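There are 2 protein chains.
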Amino acid sequence: MKAFYQDFRLGILGGGQLGRMLLQACPNYDVYNVVLDPDADAPCRHLASRFVQGSLTDFDTVYRFGKEVDLLTIEIENVNVAALYQLEREGLTVYPQPRVIDIIQDKRTQKQFYRDHGIPTPDFLLVDGKADIAANLDFLPAFNKLGRGGYDGGGVRRLDTAADLERAFDAPGVLEQLVDFEREISVIAARNAQGEVAVFPAVECVFDPRYNLVDYLLAPSQSTPAVLARAEAIARTVVERLQIVGILAVEMFVTRAGEVLVNEVAPRPHNSGHQTINANYTSQYEQHLRAILDLPLGATALKTPSAMVNVLGAEGHSGLARYEGLDALLAIAGVNLFLYGKKFTRPKRKMGHVTILDTDMERLMQKVEKVKQTIRVVAQ
Amino acid sequence: MKAFYQDFRLGILGGGQLGRMLLQACPNYDVYNVVLDPDADAPCRHLASRFVQGSLTDFDTVYRFGKEVDLLTIEIENVNVAALYQLEREGLTVYPQPRVIDIIQDKRTQKQFYRDHGIPTPDFLLVDGKADIAANLDFLPAFNKLGRGGYDGGGVRRLDTAADLERAFDAPGVLEQLVDFEREISVIAARNAQGEVAVFPAVECVFDPRYNLVDYLLAPSQSTPAVLARAEAIARTVVERLQIVGILAVEMFVTRAGEVLVNEVAPRPHNSGHQTINANYTSQYEQHLRAILDLPLGATALKTPSAMVNVLGAEGHSGLARYEGLDALLAIAGVNLFLYGKKFTRPKRKMGHVTILDTDMERLMQKVEKVKQTIRVVAQ
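Residue numbers (numbering that gives the first Met the number 0), protein chains in the order written: chain E, 0 to 379; chain P, 0 to 379.
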């Protein structure tokens with residue numbers, strides 16, 4: 000699948016901010032793109048070569064969309080996989096493969112995959128519903144995660160004792176052991192159809208406990224070289240065992256004992272790879288294109304240390320978005336702004352992000368604090 | 000002029016490769032863009048939020064186009080300036096200002112501007128045509144440059160003796176002294192409406208004598224610190240005297256005596272700034288947006304040394320473009336490809352470019368040679 004012929008069309012399922020940055024990389028490879036998204040005002044709306052409004056989970060919509068492209072990829076994993084299997088059977092190249100999306104879409108098959116392949120992950124039990132959990136109370140405290148349908152931080156509940164049973168999901172899922180982790184890191188790996196694998200340096204996710212969302216992200220991670228080597232080796236193993244074509248974000252816990260455990264993976268560009276646009280020799284978006292277009296993968300090293308701060312909708316504000324503090328923000332040296340073009344803001348909504356580069360880690364951290372204090376998204 | 004309100008529209012005159020890369024920067028500032036270009040297959044065709052096919056030199060077309068946008072800019076200076084003046088009179092913000100484009104469009108007013116403002120430039124005479132040149136034979140050898148209409152390397156003829164008079168332009172232009180230069184460098188400077196100025200480090204243009212086109216470009220320039228300081232100071236002076244809002248590429252000669260002379264300027268993103276996308280903290284495209292949107296300018300420093308190689312259509316090939324050698328090219332570490340999406344190739348046509356990054360200058364130069372030997376644009 001080499002894209003460099005006239006009238007080649009890349010289809011992308013999903014038109015959010017990840018698709019938006021993927022579209023920004025497409026012209027460099029002369030890739031005509033068609034985007035499917037249910038939202039008429041999706042971030043990709045005005046960037047796509049062609050934009051199609053429609054459901055990502057409806058078989059017929061996804062199937063028909065696939066029939067008009069030469070290669071199909073995703074920027075969100077919550078898509079109709081049955082349609083992808085059907086398209087693949089009819090000869091369409093779908094990267095990542097439907098088989099891979101299928102495994103990852105359901106946390107049960109995803110966790111089982113780690114176990115089957117000796118990939119370290121927090122211990123877990125597969126459960127069919129509340130009755131199953133009630134029969135395994137000795138496994139608590141644990142996270143109860145829905146197998147399917149848990150997106151954007153939903154689908155996860157913490158159960159400490161039998162008293163929490165009423166809050167458990169009465170649906171197929173997993174019970175996952177709590178991990179006393181020291182930090183969370185993410186490694187993005189890529190694999191092309193030739194089997195070439197490239198791994199980005201690990202980045203460290205610092206969470207804001209108020210929102211349970213990434214507060215900022217730091218590259219390189221401040222973990223020990225041994226931990227980083229282990230994390231990068233694990234990410235390589237996961238893409239090799241999955242035989243995925245495309246990129247895969249591997250989110251991992253580093254325990255206080257220095258163990259590295261896979262939390263979950265995403266078979267697409269990922270929030271934890273935003274800063275690769277400015278900080279690395281190849282961005283995760285360009286890397287994904289190289290992988291799915293069957294081209295050699297790009298160099299992944301950092302050019303400079305970097306941080307990434309999410310720009311979230313301010314509390315108490317819902318409505319047409321307005322950005323405050325842009326002048327102060329952009330006056331900080333080494334700052335690059337990425338707005339997602341979302342028309343409406345609401346509390347905690349991801350409206351954009353800021354990448355911050357500095358060769359000096361201390362100055363970098365000072366700039367992170369400054370950035371967090373400047374930009375604010377409010378309603379008009 | 001702050002763009003961050005709903006329904007803001009940026010108009011861009013010209014839809015070539017410079018516009019294409021400017022469009023790639025627009026989403027980060029959430030800028031809806033409308034592009035005017037005479038070519039239905041222009042490089043911006045599938046990237047623009049809205050694309051309008053039409054003449055850039057026709058008063059009515061440019062005027063009507065300007066009436067549907069909130070801010071107007073250019074990616075080529077050969078546009079109808081009378082329409083821009085009219086739009087400005089009617090209240091539209093046009094950056095760079097029509098006055099600036101007007102000065103630069105005509106090499107006579109451009110050269111006179113340098114003289115009036117004490118900006119060093121090769122000595123010259125304004126001439127009305129052949130008769131004028133014949134009356135000033137003691138000024139030869141010299142370049143005879145057309146005042147208006149000389150684009151893409153046209154509009155320049157070298158006259159050594161009276162015998163060359165028949166080849167002279169019989170139209171208003173300049174006679175410009177030959178300069179025995181050691182190297183050609185380019186400095187891109189930006190100025191916003193507040194008067195803030197930022198200057199990119201000088202890059203060095205290495206020309207291929209066969210094509211009289213840039214063969215490759217090197218940053219940082221290998222000139223002495225004193226020469227670089229002078230070049231950057233001159234670029235700053237030019238933007239300050241022009242009071243331009245936007246970016247300005249200042250092409251300069253460095254003479255064997257170490258003098259720095261302004262050759263010509265371009266009030267828009269420039270070929271010599273391509274590598275800023277990957278190599279500098281802020282790209283020239285983002286910098287242009289910051290300048291015209293009246294935002295603080297970005298940091299201009301290099302993250303790593305870089306080179307830029309143009310990808311030109313191969314000799315003897317005209318027709319639908321096909322790219323050879325992409326696998327070998329992309330296997331070189333630190334290479335980023337930019338194809339311009341031009342449907343048809345022809346000998347020497349600029350079809351794309353390659354940016355090469357390396358922290359080691361010697362390795363960088365080896366990669367430049369390798370890149371030049373790999374990618375080739377042929378007809379299908």
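Bear in mind the hints are in silico, worked out from the structure with no lab data behind them.
Among the clues, some could well be false.
Chain copies aren't distinguished; within one or between two, either way the pair holds.
Said to hold, decoys possible - Derived EDC-like pairs: lysine to aspartate or glutamate, alpha-carbon spacing no greater than 20 angstroms straight-line: (1) K369 / D163; (2) K347 / D40; (3) K342 / D69; (4) K129 / E165; (5) K342 / D6; (6) K347 / D101; (7) K66 / D326; (8) K342 / D179; (9) K369 / D40; (10) K371 / E361; (11) K66 / D105.
Every value quoted in this text rests on a predicted model; they were computed, and no experiment measured them.
To see whether the hints hold, each was checked on the structure:
Within a single copy, K369 and D163 get their C-alpha atoms no closer than 41 angstroms, and across copies no closer than 64 angstroms, so neither meets the 20 angstroms cut-off. Taking the shortest Cα distances, K347 and D40 sit within 20 angstroms of each other inside one copy (19 angstroms), while across copies they are farther apart (41 angstroms). For the identical chains of this complex, K342 and D69 are inter-copy neighbours only, at 18 angstroms across copies versus 31 angstroms inside a copy, given an alpha-carbon limit of 20 angstroms. Taking the shortest alpha-carbon separations for K129 and E165, only the intra-copy value of 8 angstroms comes in at or below 20 angstroms, while the best inter-copy value is 95 angstroms.
In this assembly of identical chains, the alpha carbons of K342 and D6 lie at most 20 angstroms apart only when taken from different copies (10 angstroms versus 32 angstroms within one copy). Proximity of K347 to D101 under the C-alpha cut-off of 20 angstroms is found in neither arrangement, the shortest distances being 29 angstroms within a copy and 48 angstroms between copies. Taking CA atoms no more than 20 angstroms apart as the test, K66 paired with D326 passes in neither setting, with 46 angstroms inside one copy and 28 angstroms between copies. With identical chains, the CA atoms of K342 and D179 are never at most 20 angstroms apart, being 39 angstroms at best within one copy and 56 angstroms at best between copies.
In this assembly of identical chains, the alpha carbons of K369 and D40 never lie at most 20 angstroms apart, being 31 angstroms within a copy and 44 angstroms across copies at closest. For the homomeric pair K371 and E361, the shortest alpha-carbon distance inside one copy (16 angstroms) is at most 20 angstroms, but the shortest distance between copies (40 angstroms) is not. For the homomeric pair K66 and D105, neither the shortest alpha-carbon distance inside one copy (26 angstroms) nor that between copies (52 angstroms) is at most 20 angstroms.
Checked against the numbered hints listed earlier, the structure breaks hints 1, 6, 7, 8, 9 and 11; every other hint is satisfied.
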